[in-house]
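Respectively, the protein sequence lines represent chains A and B. In case it helps, my numbering puts the first sequence at residues 1 to 207. In case it helps, my numbering puts the second sequence at residues 1 to 158.
Keep in mind that the hints were calculated from the coordinates and are not lab data. All C-beta atoms, glycine included, are put in the ideal place defined by N, C-alpha and C. Mixed in with the good hints there might be a few duds.
Stated by the list, open to error - Some chain A residues judged to face chain B by a derived CB distance under 10 angstroms, without partners named:
no.	residue
1	W85
2	G86
3	C89
4	V131
5	H133
6	P143
7	V148
8	G158
9	R162
10	T163
11	V168
12	P169
13	K173
14	L174
15	V177
As the list claims (entries may be wrong) - Taking lysine to aspartate or glutamate and the DMTMM-like style, the derived pairs with C-alpha atoms no more than 20 angstroms apart in a straight line are:
no.	chain 1	residue 1	chain 2	residue 2
16	A	K66	A	D178
17	A	K134	B	D132
18	A	K173	A	E140
19	A	K173	B	D124
20	A	K130	B	D116
21	A	K173	B	D76
22	B	K46	B	D76
23	A	K130	A	E140
24	A	K146	A	E61
25	B	K154	A	E61
26	A	K130	B	D124
27	A	K173	B	E36
Said to hold, decoys possible - Now the in silico label distances, taken between C-beta atoms and shown as ranges:
no.	chain 1	residue 1	chain 2	residue 2	range
28	A	P160	B	Q118	48 to 54 angstroms
29	B	A90	A	S99	53 to 59 angstroms
30	B	D132	A	F107	26 to 32 angstroms
31	B	Q118	A	F72	43 to 49 angstroms
32	A	G86	B	T27	34 to 40 angstroms
33	A	F72	B	G133	38 to 44 angstroms
34	A	C184	B	E147	52 to 58 angstroms
35	B	P123	A	E189	48 to 54 angstroms
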Amino acid sequence: MSAPPAPPMPRTAGSAAEAYRLEGELPMVEQPAVPFVEIETVRAREFIPAAKEAFGALIAEQGQAKLIRPTFNWAGRNSLFPLHWGLACCAIEFASAFSARWDSERFGIVPRSSPRQCDLMIVNGTVTWKVAHKLITLYEQMPEPKWVIAMGNCATGGGPFRTAYSVVPGVDKLVPVDVYIAGCPPRPEAMIDGILRLEELIRERRE
Amino acid sequence: MQSDDVARTVAAQIGERFLGLEPFPRTAGRLRFRSEAALPLFHTVKEQLGFHHLSMVGGIDWVTHREVFYVVWSDDRRQYLLLSADLPAAAPHIESAASVWPAANWHERETWELVDIQFDHHPDLRHLLLPDGYEAHPLLRSFQLHEPEELEVKQRSV
Ligand code: SF4
């Protein structure tokens, strides 16, 4: 019979380092002197001409198409702002993806409440014919470039309500969809994965 | 005890258009009436019996006929009362309760679009849950679920 594993030793913060220091075994390392840099406050009206000048030189060197598009693309795909709304039960998972536990803000995904500030529409639930034209209005209010993710089986193809009398059988009948996420509902991990795939797609498609 | 009082008051007001009061679990009963007597009955039930709150309106398609029912609540009695009328399956219609209980407005719109019961003198009989222009009445027994027709998938242009 093997003995049960020993319980972990209680640990006190700093105790090991203190012990070393007391015994003189830990050599003290000379830290290199960090030069003190004075950071000037740059005002916007000074910054913009400076940035223009710098970008102008780069553009003259590399050509506009080579520089501007990848820069905007890089910035855009790393700060996808989805529309903050909810259509049905998938919206619960959508909301929890922004909670502290999954924290999709670390990917730059921040929900915005106005379609004019968004470039990503996550259709999170059952789309009925009654709400269809409102969805299209919201989509049309979003500025280009814009993307759509169909989240869950309902938005993908009608889900359990496919043959129902009032449900749109898939949101791709109303607006073009870039990424479909399966699940009823998809877990927040799946949603984050879908958004990361969309980022790849944007990189491939627009560079 | 209280139910006797309901039956007596209603019978005095609408006469033989009152068809009886059946016991119904945990309510004051299920009151059946002829649809012609709808408006006087609603006034009696609200003003004389004190059922001031309309909780819901619904309809049932029994194939041979349609049934429309109202659930009303009284704070004084702390009881629900069910009012129910049978309507002919061809052209079912009844007087709207919206002039007595304003809450009936949306409930009747829903009953009309789902079970196809016409409410006469309704202030605003439009679709509530279904899109405008929807012609079928989906909670009728004759309604068939179907595979969705093939719709064009939208392609992105950029
Ligand atoms: S896919 Fe499932 S969880 Fe999501 S909206 Fe439809 S029924 Fe609800």
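Against the structure, the hints come out as follows:
1. W85: violated (19 angstroms)
2. G86: violated (18 angstroms)
3. C89: violated (18 angstroms)
4. V131: holds (9 angstroms)
5. H133: holds (8 angstroms)
6. P143: violated (13 angstroms)
7. V148: holds (8 angstroms)
8. G158: holds (7 angstroms)
9. R162: With a closest approach of 6 angstroms, the A/R162 hint holds.
10. T163: Interface hint status for A/T163: holds (5 angstroms vs cutoff 10 angstroms).
11. V168: holds (8 angstroms)
12. P169: At 4 angstroms from the nearest chain B Cβ, A/P169 passes the 10 angstroms test, so the hint holds.
13. K173: holds (4 angstroms)
14. L174: With Cβ-Cβ at 7 angstroms, under 10 angstroms, it holds.
15. V177: With a minimum Cβ separation of about 8 angstroms from chain B (threshold 10 angstroms), the hint on A/V177 holds.
16. A/K66 x A/D178: Between A/K66 and A/D178 the Cα gap is close to 25 angstroms, so the pair fails against 20 angstroms, i.e. violated.
17. A/K134 x B/D132: holds (13 angstroms)
18. A/K173 x A/E140: holds (15 angstroms)
19. A/K173 x B/D124: violated (32 angstroms)
20. A/K130 x B/D116: holds (19 angstroms)
21. A/K173 x B/D76: With Cα atoms ~53 angstroms apart, A/K173 and B/D76 exceed 20 angstroms; violated.
22. B/K46 x B/D76: Answer holds: B/K46 to B/D76 is near 12 angstroms, not above 20 angstroms.
23. A/K130 x A/E140: holds (17 angstroms)
24. A/K146 x A/E61: violated (30 angstroms)
25. B/K154 x A/E61: Status violated; Cα separation ~40 angstroms.
26. A/K130 x B/D124: holds (18 angstroms)
27. A/K173 x B/E36: violated (47 angstroms)
28. A/P160 x B/Q118: 48 to 54 angstroms: Since A/P160 and B/Q118 have Cβ atoms about 32 angstroms apart, the given range 48 to 54 angstroms is violated.
29. B/A90 x A/S99: 53 to 59 angstroms: With Cβ atoms ~56 angstroms apart, the hint holds.
30. B/D132 x A/F107: 26 to 32 angstroms: violated (40 angstroms)
31. B/Q118 x A/F72: 43 to 49 angstroms: violated (58 angstroms)
32. A/G86 x B/T27: 34 to 40 angstroms: holds (36 angstroms)
33. A/F72 x B/G133: 38 to 44 angstroms: holds (42 angstroms)
34. A/C184 x B/E147: 52 to 58 angstroms: violated (20 angstroms)
35. B/P123 x A/E189: 48 to 54 angstroms: holds (50 angstroms)
In terms of the numbered hints stated before, the structure departs from hints 1, 2, 3, 6, 16, 19, 21, 24, 25, 27, 28, 30, 31 and 34, listed from lowest to highest.
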